[in-house]
Every structure is written in C-alpha cells, then in structure tokens.
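Asks: So the protein lines, in turn, are chains A and B. Here the first sequence stands for residues 1 to 290, where the numbers follow my numbering. Here the second sequence stands for residues 1 to 290, where the numbers follow my numbering.
Hints listed in this document are in silico derivations from the structure and should not be mistaken for laboratory results. Predicted, not measured: the structure shown is a model, and the values here were computed from it. Treat the hints with care, as some may be off.
What the hints assert, rightly or not - To list a few chain A residues with every Cβ distance to chain B over 12 Å, as calculated:
hint, residue
1, P12
2, P48
3, M95
4, S120
5, F130
6, A171
7, G173
8, P174
9, D176
10, G178
11, V182
12, R212
13, F234
14, E266
15, N285
As the list claims (entries may be wrong) - Partial chain A-side listing against chain B, Cβ under 8 Å, derived:
hint, residue
16, W97
17, L98
18, L118
19, R131
20, G134
21, I177
22, A193
23, E195
24, I213
25, S217
Claimed, not checked - Residues of chain B clear of chain A, computed beta-carbon distances all greater than 12 Å:
hint, residue
26, P12
27, E31
28, A73
29, E74
30, T170
31, H187
32, R203
33, D206
Note that the Cβ used here is the ideal one computed from N, Cα and C, for glycine as well.
Number of protein chains: 2
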Amino acid sequence: MTTAAGVQQASPLAIIAGGGSVPVAVAQAVERSGRRVVLFPVRGWADPAAVEKFTHHWLALAQAGRFLRLARAEGCRDIVFVGTALRPPFRSLRMDWLTLRLLPRILRAYRGGDDHLLSSIARGFEDYGFRVLGAHEVAPEILMPEGPIGSLRPSERDQADIARALALLTATGPFDIGQAAVVAENHVLAVEAAEGTDAMLRRIADLRAAGRIAAPSGTGVLVKAPKPQQDRRFDLPAIGPRTVDETARAGLAGIAVVAGGSIVAEPAALATAADKAKIFVVGINTGRLT
Amino acid sequence: MTTAAGVQQASPLAIIAGGGSVPVAVAQAVERSGRRVVLFPVRGWADPAAVEKFTHHWLALAQAGRFLRLARAEGCRDIVFVGTALRPPFRSLRMDWLTLRLLPRILRAYRGGDDHLLSSIARGFEDYGFRVLGAHEVAPEILMPEGPIGSLRPSERDQADIARALALLTATGPFDIGQAAVVAENHVLAVEAAEGTDAMLRRIADLRAAGRIAAPSGTGVLVKAPKPQQDRRFDLPAIGPRTVDETARAGLAGIAVVAGGSIVAEPAALATAADKAKIFVVGINTGRLT
Numbered sequence: 001m002t003t004a005a006g007v008q009q010a011s012p013l014a015i016i017a018g019g020g021s022v023p024v025a026v027a028q029a030v031e032r033s034g035r036r037v038v039l040f041p042v043r044g045w046a047d048p049a050a051v052e053k054f055t056h057h058w059l060a061l062a063q064a065g066r067f068l069r070l071a072r073a074e075g076c077r078d079i080v081f082v083g084t085a086l087r088p089p090f091r092s093l094r095m096d097w098l099t100l101r102l103l104p105r106i107l108r109a110y111r112g113g114d115d116h117l118l119s120s121i122a123r124g125f126e127d128y129g130f131r132v133l134g135a136h137e138v139a140p141e142i143l144m145p146e147g148p149i150g151s152l153r154p155s156e157r158d159q160a161d162i163a164r165a166l167a168l169l170t171a172t173g174p175f176d177i178g179q180a181a182v183v184a185e186n187h188v189l190a191v192e193a194a195e196g197t198d199a200m201l202r203r204i205a206d207l208r209a210a211g212r213i214a215a216p217s218g219t220g221v222l223v224k225a226p227k228p229q230q231d232r233r234f235d236l237p238a239i240g241p242r243t244v245d246e247t248a249r250a251g252l253a254g255i256a257v258v259a260g261g262s263i264v265a266e267p268a269a270l271a272t273a274a275d276k277a278k279i280f281v282v283g284i285n286t287g288r289l290t
Numbered sequence: 001m002t003t004a005a006g007v008q009q010a011s012p013l014a015i016i017a018g019g020g021s022v023p024v025a026v027a028q029a030v031e032r033s034g035r036r037v038v039l040f041p042v043r044g045w046a047d048p049a050a051v052e053k054f055t056h057h058w059l060a061l062a063q064a065g066r067f068l069r070l071a072r073a074e075g076c077r078d079i080v081f082v083g084t085a086l087r088p089p090f091r092s093l094r095m096d097w098l099t100l101r102l103l104p105r106i107l108r109a110y111r112g113g114d115d116h117l118l119s120s121i122a123r124g125f126e127d128y129g130f131r132v133l134g135a136h137e138v139a140p141e142i143l144m145p146e147g148p149i150g151s152l153r154p155s156e157r158d159q160a161d162i163a164r165a166l167a168l169l170t171a172t173g174p175f176d177i178g179q180a181a182v183v184a185e186n187h188v189l190a191v192e193a194a195e196g197t198d199a200m201l202r203r204i205a206d207l208r209a210a211g212r213i214a215a216p217s218g219t220g221v222l223v224k225a226p227k228p229q230q231d232r233r234f235d236l237p238a239i240g241p242r243t244v245d246e247t248a249r250a251g252l253a254g255i256a257v258v259a260g261g262s263i264v265a266e267p268a269a270l271a272t273a274a275d276k277a278k279i280f281v282v283g284i285n286t287g288r289l290t
C-alpha cells in the first residue's frame with residue numbers, strides 16, 4: 001500500500017534517533033497514522049527513557065552494518081534520520097564492516113559540510129535497498145505552521161529584524177554554515193556556525209550581562225531557516241521549549257522560523273513556554289522557501 | 001605644507017586612542033615622520049602606561065565638547081580615531097554639550113552598525129572644522145604587507161580555507177557584521193559578530209576541547225578582512241601578538257589578513273610570536289580589496 005507521499009505503509013518505519021524530543025514526537029505521529037515504528041537510538045545522543053515505549057535497538061556510531069542487519073530482520077524498508085547529533089572526532093569512531101565499506105565515500109563527504117555527510121550516508125543505505133525519507137514526509141504535523149504559536153506577535157521593529165536575519169541567512173546559505181542568526185534593532189549580534197543555537201544564545205546572554213549590547217532587553221529576534229540547498233531529509237532546524245528558555249534568557253523579543261521548513265516537536269508545550277517567557281514564536285512564510 | 005596624501009604637516013595630529021597597542025604604534029610612526037601628536041586616550045579603553053610618553057588629555061566617552069576645546073587649544077586640525085572600543089550601553093553615557101548637540105545624528109546612526117555610528121561622529125567633528133583621517137593615511141607602515149610575516153607559510157589546504165573564508169566575508173559584508181571567520185578543511189567553524197575576534201577564537205578552543213570539531217589540531221585558518229563598504233578611516237581589522245596566541249590556542253594553522261586592509265601594529269613582535277606559536281601569519285592580496 002502506498003500513500004500520496006509514496007510511503008510504503010506495509011513495512012515498519014526505521015527511525016535512527018539522535019537527541020532531543022523530536023524523534024519521539026515523530027515516532028508518536030507515525031504510530032498515530034497507523035504505521036509501526038522501530039527506533040534505532042544512537043548511544044550518547046538519544047534519551048534512554050524516551051525510547052523505552054517503542055520497539056528499539058541501540059546503535060553506536062559507525063555501526064551501519066548492525067543497523068542493516070537489525071532493520072532487515074524487523075522488515076523495515078524506509079528509514080528516517082531525526083534528532084540532534086554532535087559531530088564526533090573522526091578518530092573516536094569504531095567502525096563495523098559496512099561502515100568501513102562506505103568509508104571512502106564518507107571520507108570524501110567529511111571534508112564538505114554536514115549536509116554532504118548525511119546525504120552521502122543516505123546514498124550508501126539506498127545502495128542496500130533502503131529508502132531514506134524526511135521526518136516531515138512521514139509526520140507532516142511536526143512542521144512549523146505559519147503565524148504565531150502562543151499569544152504574542154512580532155512588532156514592526158521585530159519584523160524588520162526578522163527580514164534582515166533572513167537576508168543574512170540567505171547570503172550565508174551557500175557556505176553550509178549554521179541555520180540561525182540573532183538581529184536586534186537592525187544590528188547582527190550573532191551568526192551560528194559549529195557551536196549550535198543554544199551556545200549562540202548563551203553568548204548573547206553573556207554579552208548582554210557585560211553591557212556589550214546596545215539594544216535594550218526585550219528587543220532582537222532569533223531567526224532559524226533551512227539552508228537553501230539543504231537536503232530536507234536531514235537536519236531541518238528544530239525549536240523546542242529549551243530554545244524558548246534560552247531566547248528569553250538572552251533578552252530577545254522572540255523567535256521566527258520558516259513555516260513548513262522547521263520542526264516544532266511539541267507545539268502545545270512550546271506555546272505554553274513562550275507565553276510564560278513573554279516571547280513570541282512565529283512561523284514565517286518566506287514564499288521561496290516553503 | 002601638504003603631503004601627497006593631503007595631510008597638513010603644520011598642525012599636530014590629534015589621536016583619539018582606544019585600547020590595544022595600535023594607538024601607540026601610530027603615534028610613534030607619525031612622530032618618526034616629523035609630525036607632533038597629541039593623544040586623547042579614552043578612559044577605560046586606553047592603557048595609561050602606554051600614553052605617558054606623549055602629550056595627552058584623557059577623555060571620557062561622550063565628551064565631544066571637552067575634546068573640541070582641548071584639540072583647538074593644542075592647534076590640532078586633523079583627527080585620527082584608533083584602537084579597540086567596546087560599544088557601551090547607551091544609558092551609561094554622561095554626555096557633555098557638544099555630544100548632546102550631536103545626539104540626534106548619533107541616535108539615528110546607533111540603530112545601524114558601528115560603521116555608521118563612527119562615520120556619523122566624524123561628520124559631526126567635520127562640521128566643527130576638523131578633518132578626520134584614517135590611521136593608515138598618517139602612518140601607512142602600520143598596514144599589513146603582502147606575504148608571510150614570520151617563517152611559516154600556508155599550505156595548499158590552508159589556501160583553500162582562506163579562499164572560502166574570504167568568499168564568506170564578502171557575502172556577509174553588506175550586513176555590517178564582524179570582520180572575521182574561521183574555516184577548517186572547508187568547514188566554516190565560526191563567524192564573528194558582536195562578540196569580537198578573541199571571544200570567537202576562545203569558542204573554537206572550547207569546541208575543540210569538547211571534541212566537537214572534526215578537523216584535526218593544526219588545521220584551519222582565522223581570516224580577517226575589512227567590510228566591503230567600510231569607511232576605512234575607522235576600525236580596520238587589526239592583529240597583534242595576542243591574536244597569534246589565541247589562534248594557536250584554538251589549534252588553528254594560521255592567520256590570513258587582507259594586505260593593505262588590516263593593521264599590524266608591531267610586525268617584528270608578531271613575527272616572533274608566530275614563529276614561537278608555530279603558526280603562519282600572511283597578508284593576502286585580494287585584488288579587489290587592496
């Protein structure tokens with residue numbers, strides 16, 4: 001049986017799960033749609049308590065062969081990669097046979113950005129008969145809707161900051177850089193690269209505490225957007241209650257993410273957190289991107 | 001008497017001095033050229049010991065009127081702004097009469113980037129009969145020369161990283177963002193914004209210590225470039241022995257700056273520091289920018 005999106009409903013879905021709350025949200029959404037899931041949580045990234053409710057098999061990094069064997073035994077044909085991942089030091093990986101076999105292509109990709117690395121691993125799995133899907137293809141309800149979540153909305157000044165940040169992220173897109181920036185009163189305060197969004201927000205909080213930011217507390221926006229040429233099956237920007245807390249701690253007015261191009265795992269929890277923190281969270285229709 | 005660069009040699013040069021070693025290097029170079037200097041060190045930024053050797057008058061921030069009176073009494077016509085500055089919280093400034101008079105234009109500029117703020121203050125001084133020059137116009141020997149300083153040179157891989165960082169800085173130029181980025185093995189590790197170069201380099205050191213950077217120690221380049229539309233009288237990127245130390249601590253291979261578009265206050269000290277830290281420091285001829 002095949003849906004409009006081309007998803008084979010008959011086989012259980014293999015979810016290779018990193019950290020954060022998104023993998024479980026995806027697994028629940030897929031189960032609600034009537035499809036069975038098998039989780040493959042990655043040791044050191046995924047939360048053990050969260051995966052307990054699902055059929056699961058732990059993987060260490062670089063255990064492509066173990067995954068292949070277990071996924072076949074479970075009857076899986078489709079794979080989704082979802083959740084946060086830390087880029088490990090290459091020399092720390094203990095590779096199994098399939099990983100070694102995929103190594104030349106992984107090494108070539110490792111010199112490029114993360115996108116190329118994941119796309120490359122996906123092509124490797126596809127050579128072995130699997131299909132790699134995006135989380136948003138199997139659980140479209142996890143995508144950020146257009147408009148505000150929670151009760152606050154961006155002011156005109158916030159909207160100008162959002163536009164500037166989106167223009168900046170479009171300019172940096174070709175460089176396979178981070179997916180977020182902070183702009184306050186037209187001034188670019190931070191651009192995310194290898195450090196990740198949370199660390200970038202903590203930097204803003206520190207600069208503000210040191211009196212190094214001219215814009216007053218309660219101004220400025222965290223903006224997240226997918227990279228222009230990103231393979232959308234991987235690493236769509238995600239926000240959650242923790243992003244809301246870090247944004248409030250950084251003294252910003254709110255968060256803007258691209259509607260349909262960002263994952264919001266728990267919209268109800270996010271709305272509650274945003275209202276409590278007195279910040280806005282808004283999905284932007286960028287036209288080009290959605 | 002007027003030189004080719006249009007500098008009026010007859011009047012002493014007023015140097016409004018921020019932090020770091022560059023103001024003194026400029027003052028010494030100007031004195032070597034036979035012109036008298038009067039330093040106006042800014043309290044909290046300039047180093048008291050360093051300015052002792054020169055005629056000087058301390059300024060607090062927002063004391064444009066005091067500066068005007070003293071500079072006129074000293075017979076100064078030309079002004080140079082040089083040295084590092086921290087952007088103060090606006091509400092902490094205690095403004096004198098001229099600063100208040102310039103305030104509407106300063107406030108308008110404050111919403112833009114630092115460039116606009118300084119250009120705006122410069123126009124204010126020009127309204128009062130002064131001429132604002134760039135440090136490189138009065139002391140061209142402080143500009144970075146083309147080629148390596150010290151004995152190491154960038155490898156081919158380093159040169160590819162330098163090219164990628166320069167392309168990135170060209171893309172971010174229109175956003176009046178920081179003037180530096182770190183690229184290692186084609187991967188953008190950090191982009192500077194409000195935090196400054198030293199803080200960005202410390203971030204790389206932290207990420208490396210946490211095993212979050214795939215490129216091995218001894219790869220990667222710090223690249224600094226002036227912003228494309230920058231008013232070159234202000235805030236040309238500067239490097240010194242401390243930049244070298246932070247770069248080495250971040251585990252990078254070296255530093256590349258735009259030749260003729262960056263200030264290197266003490267080339268001999270920099271060469272010694274670079275050789276000791278086993279990193280390269282190179283001036284790049286970017287064609288377009290020099």
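Asks: Hint by hint, note whether the structure agrees.
Replies: Do the hints match the structure? See the list:
A:P12, annotated as away from the interface, keeps every beta carbon of chain B farther than 12 Å; the closest lies near 33 Å. Interface exclusion of A:P48 from chain B stands, the closest Cβ pair being 21 Å apart, more than 12 Å. At the 12 Å boundary, the C-beta of A:M95 stays outside the reach of chain B, the nearest C-beta of that chain being 15 Å off. With 12 Å as the threshold on Cβ separation, the claim that A:S120 sits away from chain B holds: the shortest Cβ distance comes to roughly 14 Å.
Separation of A:F130 from chain B is adequate, the least Cβ-Cβ distance of about 25 Å exceeding the 12 Å criterion. Distance check for A:A171 against chain B: the nearest CB is about 5 Å away, which does not clear 12 Å, and the non-interface claim fails. A beta-carbon of chain B comes within 12 Å of the beta-carbon of A:G173; the shortest separation is about 9 Å. Not every CB of chain B is more than 12 Å from the CB of A:P174 (nearest about 7 Å), against its label as outside the interface.
Separation of A:D176 from chain B is inadequate, the least Cβ-Cβ distance of about 7 Å not exceeding the 12 Å criterion. The beta carbon of A:G178 sits about 8 Å from the closest Cβ of chain B, which is not more than 12 Å, so the claim that it is off the interface is violated. Against chain B, the non-interface label of A:V182 is violated: not every CB pair exceeds 12 Å, the least being about 8 Å. A beta-carbon of chain B is positioned within 12 Å of the beta-carbon of A:R212; the least distance is around 6 Å.
Residue placement check: A:F234 keeps its beta carbon more than 12 Å from all beta carbons of chain B (closest about 16 Å). In this structure A:E266 is separated from chain B by more than 12 Å, as the shortest Cβ-Cβ distance comes to about 26 Å. For A:N285, the condition that its CB be more than 12 Å from all CB atoms of chain B holds, with the nearest at approximately 23 Å. Hint status for A:W97: violated, given a least beta-carbon distance of 23 Å to chain B, over 8 Å.
Taking 8 Å as the C-beta cut-off, the interface hint given for A:L98 is violated, the closest approach to chain B being about 21 Å. With its C-beta approaching chain B no nearer than about 14 Å, A:L118 sits outside the 8 Å limit, and its interface hint is violated. Violation of the interface hint for A:R131 is found here, the shortest Cβ-Cβ separation to chain B being roughly 28 Å, above the 8 Å cut-off. Checking A:G134 against chain B by beta carbon gives a least distance of about 23 Å; that is not within 8 Å, so the hint is violated.
Of the supplied interface hints, the one on A:I177 holds, with its beta-carbon coming within about 5 Å of a beta-carbon of chain B, less than 8 Å. For the restraint placing A:A193 at the interface with chain B, the shortest Cβ-Cβ distance is roughly 5 Å, inside the 8 Å limit, so the hint holds. This hint holds: A:E195 has a C-beta 6 Å from the nearest C-beta of chain B, less than the 8 Å allowed. Given the 8 Å rule on beta carbons, the hint for A:I213 holds: about 6 Å separates it from the nearest Cβ of chain B.
Hint on A:S217 is violated. Least Cβ distance to chain B is approximately 11 Å, over the 8 Å limit. Remark: the non-interface label on B:P12 is consistent with the geometry, its nearest Cβ contact in chain A lying 33 Å away (cut-off 12 Å). Annotated as non-interface, B:E31 keeps its C-beta farther than 12 Å from every C-beta of chain A; the closest such distance is 33 Å. Non-interface status of B:A73 relative to chain A is upheld: no Cβ of that chain comes within 12 Å, the nearest being about 32 Å off.
For B:E74, the non-interface assignment is confirmed: its Cβ lies about 31 Å from the closest Cβ of chain A, beyond the 12 Å cut-off. The Cβ of B:T170 does not lie farther than 12 Å from every Cβ of chain A; its closest approach is about 9 Å, which violates its non-interface assignment. Not every C-beta of chain A lies more than 12 Å from that of B:H187, the closest at about 6 Å, which undercuts listing it as non-interface. Some Cβ of chain A comes within 12 Å of the Cβ of B:R203; the nearest lies about 6 Å off, and the non-interface call is violated.
For B:D206, the non-interface assignment is contradicted: its Cβ lies about 8 Å from the closest Cβ of chain A, within the 12 Å cut-off.
Hint violations for this structure: numbers 6, 7, 8, 9, 10, 11, 12, 16, 17, 18, 19, 20, 25, 30, 31, 32 and 33, all remaining hints satisfied.
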